[in-house]
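Asker: These protein sequence lines are chains A and B, in that order.
Quick note on our numbering: the first sequence kicks off at 15 and runs consecutively.
Quick note on our numbering: the second sequence kicks off at 15 and runs consecutively.
Where hints are given, some of them may not hold.
Identical copies look the same in the list; a pair holds intra-copy or inter-copy alike.
Stated by the list, open to error - In silico DSSO-like links for lysine-lysine, alpha-carbon gap of 27 Å or less:
1) 136 - 98
2) 324 - 142
3) 98 - 334
4) 207 - 323
Worth flagging that the hints you see were computed from the coordinates, not collected in a lab.
2 protein chains.
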Amino acid sequence: MLSADALLKRISEEISLINIFTEPANLYAPVNYTLSRSGKRIRPLLTLAACQMFDEDIEPALPVALAYEIFHNFTLLHDDVMDKSEMRRGDPTVHKKWNANTAILSGDAMMIMAYNTLSKSKAEYLPKLLNMFNKTALEVCEGQQFDMDFETRNDVTIPEYLNMIRLKTSVLIAACLYSGAVCGGASDDYSKKLYQIGIDLGMAFQLQDDLLDTFGTSAQFGKRIGGDILEEKKTFLLLKAFEIGSTFQIERLNYALNSIELSEQDKIMFVKDIFEDLNIKDSTIAEIEKRHSAAIMQLAELDIPDGRKKILYWFADFLKNRNK
Amino acid sequence: MLSADALLKRISEEISLINIFTEPANLYAPVNYTLSRSGKRIRPLLTLAACQMFDEDIEPALPVALAYEIFHNFTLLHDDVMDKSEMRRGDPTVHKKWNANTAILSGDAMMIMAYNTLSKSKAEYLPKLLNMFNKTALEVCEGQQFDMDFETRNDVTIPEYLNMIRLKTSVLIAACLYSGAVCGGASDDYSKKLYQIGIDLGMAFQLQDDLLDTFGTSAQFGKRIGGDILEEKKTFLLLKAFEIGSTFQIERLNYALNSIELSEQDKIMFVKDIFEDLNIKDSTIAEIEKRHSAAIMQLAELDIPDGRKKILYWFADFLKNRNK
Numbered sequence: 015m016l017s018a019d020a021l022l023k024r025i026s027e028e029i030s031l032i033n034i035f036t037e038p039a040n041l042y043a044p045v046n047y048t049l050s051r052s053g054k055r056i057r058p059l060l061t062l063a064a065c066q067m068f069d070e071d072i073e074p075a076l077p078v079a080l081a082y083e084i085f086h087n088f089t090l091l092h093d094d095v096m097d098k099s100e101m102r103r104g105d106p107t108v109h110k111k112w113n114a115n116t117a118i119l120s121g122d123a124m125m126i127m128a129y130n131t132l133s134k135s136k137a138e139y140l141p142k143l144l145n146m147f148n149k150t151a152l153e154v155c156e157g158q159q160f161d162m163d164f165e166t167r168n169d170v171t172i173p174e175y176l177n178m179i180r181l182k183t184s185v186l187i188a189a190c191l192y193s194g195a196v197c198g199g200a201s202d203d204y205s206k207k208l209y210q211i212g213i214d215l216g217m218a219f220q221l222q223d224d225l226l227d228t229f230g231t232s233a234q235f236g237k238r239i240g241g242d243i244l245e246e247k248k249t250f251l252l253l254k255a256f257e258i259g260s261t262f263q264i265e266r267l268n269y270a271l272n273s274i275e276l277s278e279q280d281k282i283m284f285v286k287d288i289f290e291d292l293n294i295k296d297s298t299i300a301e302i303e304k305r306h307s308a309a310i311m312q313l314a315e316l317d318i319p320d321g322r323k324k325i326l327y328w329f330a331d332f333l334k335n336r337n338k
Numbered sequence: 015m016l017s018a019d020a021l022l023k024r025i026s027e028e029i030s031l032i033n034i035f036t037e038p039a040n041l042y043a044p045v046n047y048t049l050s051r052s053g054k055r056i057r058p059l060l061t062l063a064a065c066q067m068f069d070e071d072i073e074p075a076l077p078v079a080l081a082y083e084i085f086h087n088f089t090l091l092h093d094d095v096m097d098k099s100e101m102r103r104g105d106p107t108v109h110k111k112w113n114a115n116t117a118i119l120s121g122d123a124m125m126i127m128a129y130n131t132l133s134k135s136k137a138e139y140l141p142k143l144l145n146m147f148n149k150t151a152l153e154v155c156e157g158q159q160f161d162m163d164f165e166t167r168n169d170v171t172i173p174e175y176l177n178m179i180r181l182k183t184s185v186l187i188a189a190c191l192y193s194g195a196v197c198g199g200a201s202d203d204y205s206k207k208l209y210q211i212g213i214d215l216g217m218a219f220q221l222q223d224d225l226l227d228t229f230g231t232s233a234q235f236g237k238r239i240g241g242d243i244l245e246e247k248k249t250f251l252l253l254k255a256f257e258i259g260s261t262f263q264i265e266r267l268n269y270a271l272n273s274i275e276l277s278e279q280d281k282i283m284f285v286k287d288i289f290e291d292l293n294i295k296d297s298t299i300a301e302i303e304k305r306h307s308a309a310i311m312q313l314a315e316l317d318i319p320d321g322r323k324k325i326l327y328w329f330a331d332f333l334k335n336r337n338k
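Throw the hints in and build the complete structure from the sequences for me.
Answerer: Encoded structure:
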């Protein structure tokens with residue numbers, strides 16, 4: 015059994031091997047730039063961790079682990095163009111450092127590179143891995159589209175929101191656990207159980223993200239606190255407030271969100287005050303807790319030695335207690 | 015042996031089956047719009063035609079044929095965003111009819127749908143088909159990047175240009191012929207021969223496109239004649255003129271291309287006059303002829319009954335004599 019650190023080291027080695035293309039430089043330099051910035055590498059780590067639950071040899075899971083990491087980075091690249099985001103992980107985004115056309119085309123190249131890496135998987139697992147990858151990739155696009163659609167809608171419900179984050183975030187985590195299990199030789203039954211654990215963990219992960227954006231501290235979270243409020247994002251927090259707030263509180267919420275008089279700082283304070291009156295923080299934590307315990311319970315029920323579940327337990331703990 | 019018309023009918027049936035996704039509408043409506051506009055369907059037709067050369071049953075080649083058609087349409091969708099083109103095949107482009115974000119994301123979805131369709135190929139052919147698809151898709155991106163790079167360069171050579179159109183156009187035609195042959199059970203040797211025939215036909219096809227853009231008639235070509243001249247595109251015609259023109263002719267060419275005094279019509283006339291003085295039309299036809307005969311010769315040498323080569327001969331003829 016390799017430790018999380020050992021797995022991350024193996025992932026880094028593999029990623030450095032992908033950056034071999036050079037010409038045309040305007041196509042591949044942005045790809046290399048994107049892949050070499052150090053994200054948390056959560057998706058390939060979970061893929062390898064799931065493989066290790068069934069087989070100590072993680073090598074067969076490396077292609078699909080890398081494929082999901084490249085795909086995830088591709089989505090960030092195109093999302094940044096669509097959202098006009100200028101910074102990502104403390105560095106300028108590709109469309110800011112180069113331009114939008116470069117970001118579109120090098121993103122396209124990354125998606126192909128993800129499939130190219132995936133295609134190096136063992137032939138016996140390839141059809142299963144490909145089906146899951148295709149399904150998941152399309153769902154992530156659907157999630158992004160719903161997210162964009164929600165920007166101009168005022169009637170988004172909490173179930174719609176939860177479905178959106180399931181598509182945009184959870185299915186990718188779930189697909190990583192599923193695919194790792196497949197490469198470890200797990201039965202269909204076990205692979206599907208891992209998938210469901212991934213859905214719950216992914217939902218908890220995204221809800222925690224929403225929570226930190228409003229109730230984290232900037233130094234911990236690494237990005238500006240209150241960004242979601244300023245962008246009037248329909249997060250779980252805001253939708254919950256609209257659901258349970260009094261007419262008066264909803265009026266004040268709408269006033270603050272649409273106000274052009276309030277300073278940014280005041281707008282954030284104003285909305286946070288209403289959230290606090292409504293115990294939104296606790297409602298969100300309860301929602302996270304629900305997904306977290308469901309995942310832990312399913313994990314406990316798997317007939318696999320506990321030592322093999324260590325990284326997944328660690329991840330479940332990490333995402334609940336993380337502050338960045 | 016099915017006729018080209020019968021194959022095209024089969025392709026249309028299959029394409030209509032792909033348009034089954036509905037939600038989110040803002041993601042899938044542009045996909046359906048793009049796929050249902052009737053292009054020439056050359057790529058899937060060639061795929062099925064290559065399959066038929068080796069086996070009468072074309073069904074195993076349908077997934078990969080469709081995959082290349084969807085991929086081709088995806089590249090047009092993203093290219094139109096990058097080039098800011100407003101019209102395509104007589105209709106508004108997706109980014110014009112919707113917006114750039116919709117075009118980016120629905121293009122991404124189309125690329126995944128292409129892979130999804132490809133994945134339905136027989137498991138025994140899948141690794142070969144996937145490898146070719148990945149390699150080709152990445153090369154098409156490289157070709158598009160070189161094309162964009164050339165816009166701001168004044169030292170593009172003819173070999174560089176030929177390499178760019180090989181990547182942007184020919185490899186896709188070649189991959190279709192290769193993949194069709196694979197699905198027909200052709201040997202590696204034969205599949206590779208088909209690939210090389212595709213490269214030559216693809217080069218001839220693109221050079222003919224360059225020629226028609228300047229020397230076609232608008233009614234035949236379906237788009238405005240002289241567009242390449244107005245956009246100062248480094249086509250084979252222009253690069254050849256720069257290569258063989260006298261210092262005086264090159265000066266006049268540069269004057270016309272950069273002129274803000276000349277009307278569009280005068281600019282086109284001016285450049286065409288120089289092209290005619292330099293016999294650029296004949297040089298281009300000679301270049302097309304070279305690729306065309308190479309393809310025909312290789313096709314003739316294949317140890318396959320002539321009746322089975324009919325559609326490929328027809329295509330070779332069509333692309334040389336086409337006027338649109």
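Asker: If a hint holds in the structure, say so; if it doesn't, say that too.
Answerer: Status of the hints after comparison with the structure:
1. In this homomeric assembly, residue 136 and residue 98 never come within 27 Å of each other (Cα to Cα): the closest approach is 39 Å inside a single copy and 42 Å across copies.
2. Taking CA atoms no more than 27 Å apart as the test, residue 324 paired with residue 142 passes inside one copy only; the shortest distance there is 26 Å, against 38 Å between copies.
3. Proximity of residue 98 to residue 334 under the C-alpha cut-off of 27 Å is found in neither arrangement, the shortest distances being 29 Å within a copy and 45 Å between copies.
4. Within a single copy, residue 207 and residue 323 get their C-alpha atoms as close as 13 Å, which meets the 27 Å cut-off; across copies the closest is 52 Å, which misses it.
Checked against the numbered hints listed earlier, the structure breaks hints 1 and 3; every other hint is satisfied.
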